[in-house]
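If you read the protein sequences in the order shown, they are chains A and B. Take the first sequence: its position 9, counted from the start at 1, is 9 in my numbering, and no numbers get skipped. Take the second sequence: its position 67, counted from the start at 1, is 67 in my numbering, and no numbers get skipped.
Errors might be hidden in some of the hints.
As the list claims (entries may be wrong) - 25 Å max Cα-Cα, derived SDA-like pairs, lysine to any residue:
| hint | chain 1 | residue 1 | chain 2 | residue 2 |
| --- | --- | --- | --- | --- |
| 1 | A | K6 | B | W14 |
| 2 | A | K128 | B | S41 |
| 3 | A | K7 | B | G13 |
| 4 | A | K7 | B | L23 |
| 5 | B | K22 | B | R50 |
| 6 | A | K12 | B | G13 |
None of these hints come from the bench; they were simulated from the model.
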Amino acid sequence: MAWSWKKLNAAKKALIRRGAVVLVAYEAVWSGAFYWVYKAKPDGRMLLLIAILPTLTVLAFIGVIARYLVEEVDEYHRQLVVRCMLWGAAAVMTSVCFHGFLQLFGWKGNWPSAVELVMFFVAAGVAKVTYYRANRVPVDA
Amino acid sequence: MRNQLRMLRGERGWSQADLAEKLEVSRQSVNAIETGKYDPSLPLAFKIARLFGARIEEIFEDERGDGTV
Chain A
1 MAWSWKKLNA AKKALIRRGA VVLVAYEAVW SGAFYWVYKA KPDGRMLLLI AILPTLTVLA
61 FIGVIARYLV EEVDEYHRQL VVRCMLWGAA AVMTSVCFHG FLQLFGWKGN WPSAVELVMF
121 FVAAGVAKVT YYRANRVPVD A
Chain B
1 MRNQLRMLRG ERGWSQADLA EKLEVSRQSV NAIETGKYDP SLPLAFKIAR LFGARIEEIF
61 EDERGDGTV
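All chains should be modelled from the sequences, with the hints used to inform the complete structure.
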């Protein structure tokens with residue numbers, strides 16, 4: 001069955017619209033903050049304040065998902081989204097636990113910056129594809 | 001949990017898409033319920049029962065079915 005915007009319900013359309021806005025905002029805020037720190041070389045409290053800015057858009061993204069879960073009338077899809085988010089959360093927590101353990105014992109290596117965000121989306125995306133493939137609907141009859 | 005959804009739908013000549021529209025859910029949801037991959041919530045089970053003019057326990061059957069808790 002081909003993907004179609006028209007077939008999406010109101011909650012999913014709103015999720016995609018809001019999600020796109022937040023992702024664009026994340027890119028803009030992150031790039032802006034990066035450029036600001038790169039040019040102005042702030043330190044101390046100012047650096048901490050600037051570092052908080054990109055995290056606000058991440059919180060906004062969580063808020064977008066939460067709003068979708070409230071607005072989605074299809075409970076089956078709602079539970080699929082929750083399961084995908086759990087896989088994403090599992091990936092983030094595993095990553096934090098893994099490199100946190102290594103750091104405890106003096107590991108000096110560099111964990112890629114913001115890798116947890118990437119891991120969240122990859123794990124949630126793989127879970128989504130897996131669930132949807134496992135629950136593929138046959139030709140209607 | 002076993003259910004009679006596919007049979008009841010078939011009796012009325014409805015497709016999964018027809019039933020999904022009447023229940024205001026996706027076709028994936030109807031298919032998942034029919035194949036036993038997903039058990040609906042009580043509100044959705046009541047909605048299904050109202051739609052078919054039957055009681056919930058006439059449509060959904062506990063697989064233990066022996067009356068024990």
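Here is how each hint holds up against the structure:
{"no.": "1", "hint": "A:K6 to B:W14", "in the structure": "holds (22 Å)"}
{"no.": "2", "hint": "A:K128 to B:S41", "in the structure": "holds (22 Å)"}
{"no.": "3", "hint": "A:K7 to B:G13", "in the structure": "holds (23 Å)"}
{"no.": "4", "hint": "A:K7 to B:L23", "in the structure": "holds (15 Å)"}
{"no.": "5", "hint": "B:K22 to B:R50", "in the structure": "holds (11 Å)"}
{"no.": "6", "hint": "A:K12 to B:G13", "in the structure": "violated (29 Å)"}
When the structure is compared with the earlier hints, a violation turns up for hint 6 alone.
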